[in-house]
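Can you make the complete structure from the sequences, with help from the hints?
Protein chains in written order, with this note's numbering: chain A, 197 to 528; chain B, 197 to 528.
Note that these hints are calculated values from the structure, not bench results.
A hint or two may mislead.
The list treats identical chains as interchangeable, and a pair is accepted whether it falls inside one copy or across any two copies.
[Said to hold, decoys possible] With a cut-off of at most 25 Å between alpha-carbon atoms, the simulated BS3-like pairs for lysine-lysine come out as follows:
(1) 433 / 202
(2) 218 / 499
(3) 527 / 328
(4) 218 / 462
(5) 272 / 499
Protein chains: 2
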Amino acid sequence: MPELRKDPIIGRWVIIATERAKRPSDFGADQEIKKPGFCPFCYGNEDKTPPEIFALRNNGTSPDTPGWSVRVVPNKFPALEIEGDLNKRGEGLYDRMNGIGAHEVIIETPNHNASIADLSEDEITNVIKAFKSRILDLKQDHRFKYMLIFKNHGSAAGASLDHTHSQLIALPIVPKRVAEEINGSKTYYLYRERCIFCDIIRQEISAGIRVIAENSHFICIAPFTSRFPFESWVLPKTHDVYFEDINPEESYNLAKIMKDILTRIKVVLNDPPYNFLIHSSPFYEKDISFYHWHIEIIPKLTKVAGFEWGTGFYINPTPPEEACKFLREAKI
Amino acid sequence: MPELRKDPIIGRWVIIATERAKRPSDFGADQEIKKPGFCPFCYGNEDKTPPEIFALRNNGTSPDTPGWSVRVVPNKFPALEIEGDLNKRGEGLYDRMNGIGAHEVIIETPNHNASIADLSEDEITNVIKAFKSRILDLKQDHRFKYMLIFKNHGSAAGASLDHTHSQLIALPIVPKRVAEEINGSKTYYLYRERCIFCDIIRQEISAGIRVIAENSHFICIAPFTSRFPFESWVLPKTHDVYFEDINPEESYNLAKIMKDILTRIKVVLNDPPYNFLIHSSPFYEKDISFYHWHIEIIPKLTKVAGFEWGTGFYINPTPPEEACKFLREAKI
Chain A
197 MPELRKDPII GRWVIIATER AKRPSDFGAD QEIKKPGFCP FCYGNEDKTP PEIFALRNNG
257 TSPDTPGWSV RVVPNKFPAL EIEGDLNKRG EGLYDRMNGI GAHEVIIETP NHNASIADLS
317 EDEITNVIKA FKSRILDLKQ DHRFKYMLIF KNHGSAAGAS LDHTHSQLIA LPIVPKRVAE
377 EINGSKTYYL YRERCIFCDI IRQEISAGIR VIAENSHFIC IAPFTSRFPF ESWVLPKTHD
437 VYFEDINPEE SYNLAKIMKD ILTRIKVVLN DPPYNFLIHS SPFYEKDISF YHWHIEIIPK
497 LTKVAGFEWG TGFYINPTPP EEACKFLREA KI
Chain B
197 MPELRKDPII GRWVIIATER AKRPSDFGAD QEIKKPGFCP FCYGNEDKTP PEIFALRNNG
257 TSPDTPGWSV RVVPNKFPAL EIEGDLNKRG EGLYDRMNGI GAHEVIIETP NHNASIADLS
317 EDEITNVIKA FKSRILDLKQ DHRFKYMLIF KNHGSAAGAS LDHTHSQLIA LPIVPKRVAE
377 EINGSKTYYL YRERCIFCDI IRQEISAGIR VIAENSHFIC IAPFTSRFPF ESWVLPKTHD
437 VYFEDINPEE SYNLAKIMKD ILTRIKVVLN DPPYNFLIHS SPFYEKDISF YHWHIEIIPK
497 LTKVAGFEWG TGFYINPTPP EEACKFLREA KI
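The following block contains the structure:
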């Protein structure tokens, strides 16, 4: 059972893997070498993953066989385990609990060579449908307080398999980074009675210099305080608290803008490694109406080094206004 | 002039480079290729760096010529600029100020091929003397509120030159990560009237399972909530607020334990890339007596991916108790 431990100084949680713990020889150049040829996410290899939890399938096909267009399976090497209780306990200054949670993999297409930017709007809409369906299901489990959907694209961004996929992790605590955003937007709301994200969108539309793309429901901006070169955020243009409340029309427009920005990033930066993550509201918080879900896309172009680790400050060598210009003018 | 921008949601600052801004073609594989042969940090190339600010030198040698053992120069490509004032200004929701600060490079030895672990205790003591001297000097400039000394070892940890060196950045604000530690230790102090770091040291000595090394003045532990495999912290065993108050005997013992732990990391993990950073107290804070300076050493063995960016949670595949065992038992 993995363990959740809480830092006694700043309250940050870490997940400590206790089974299959990595030894010194497990790190280093060797881990980069991938076996070519075999892919557990391709048609015909469905028995090489744990049994599927959700799939969009052709009529008449059986679970764990070919015929799916999106397929969700438990992660074979989960960071957290689904069975058990938290068993919170102290030990002097320290707090720990069992590493309870869900860790699933969303295989976005059977096509081994496509990236998510290569999929059609309809295919990406199906991926969003899978995200929504998994959140609504896991939300019923009251051990979970938060769920993060994220994607690692490319080995340098943490992907261990090439076949395009995203992941979800359901957590028994609201993570620090989300709590900070919630506290910040709450403070702003108490002061102004407005959503800070809505105000940012309004200011960005009026300024114009950091808007990369826009459609009827969504806007994509290079944030004023981008931590990383070519960081891009996608936000619903009208106030929306929960990602999982998305309706089919919005899903299609989200697919459209995600394809648009990911294609721009691919073209301008030569298919860089990147991460994206969906920040939505925690489950079952009483007063969360001031929060506004969004997607953060982070190309992995620079290295996080001692200064960043030591300060939490970031040094961004590309002003977001210039990144925006390159992305907006991309020929796609 | 670089710009400091404050995130309106969570209050995090970023440094936006405005001169020599990186364009899309500046990223990617090309940047990794280093010109072999030429090193601006070697003897004879002193004119290839900005003029030295501090050096420990053989008697009779002139500044910016060979004959030094430790040499400090301004960073040729500084993240922040030393001249000017902050000129804080708002723009709707956003805050910005001029990127004022100091950014210096500490060249730790003239020996191009040595890493800091290869230096003698006396040589490392001299490096610590240079750190102390630069802090005491920059502390007189009241525009600066905080100073971070850090090291990037190896290209994957962000080093752009092989020749061993560390860096210091003086900042006009107390960075988020340090403020969190200060707030956490203050809360603890108000509650218990004790230093949380002192209490952690006491608990670790009594538990014994995370103590990697120890001498008369310092202890090195694998923290209970290590974010990264083989993360190691060095702390003064008695309460000490400011790194720069270190005396010669303590400096020698710090050099000894730093050589010890960095050699253990080198041997056990096959000379991995790593960062280290010194967390000391902000300058001129009125009430800071509860804080305890320390050094965090972070081997770079895993990739920070979407989950970590999205949550601020870390997944550590090596429990600190096991990392400690490997490091403690290393044959050095």
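Find the hints from earlier in the document that the structure breaks and name them by number, from lowest to highest. 3
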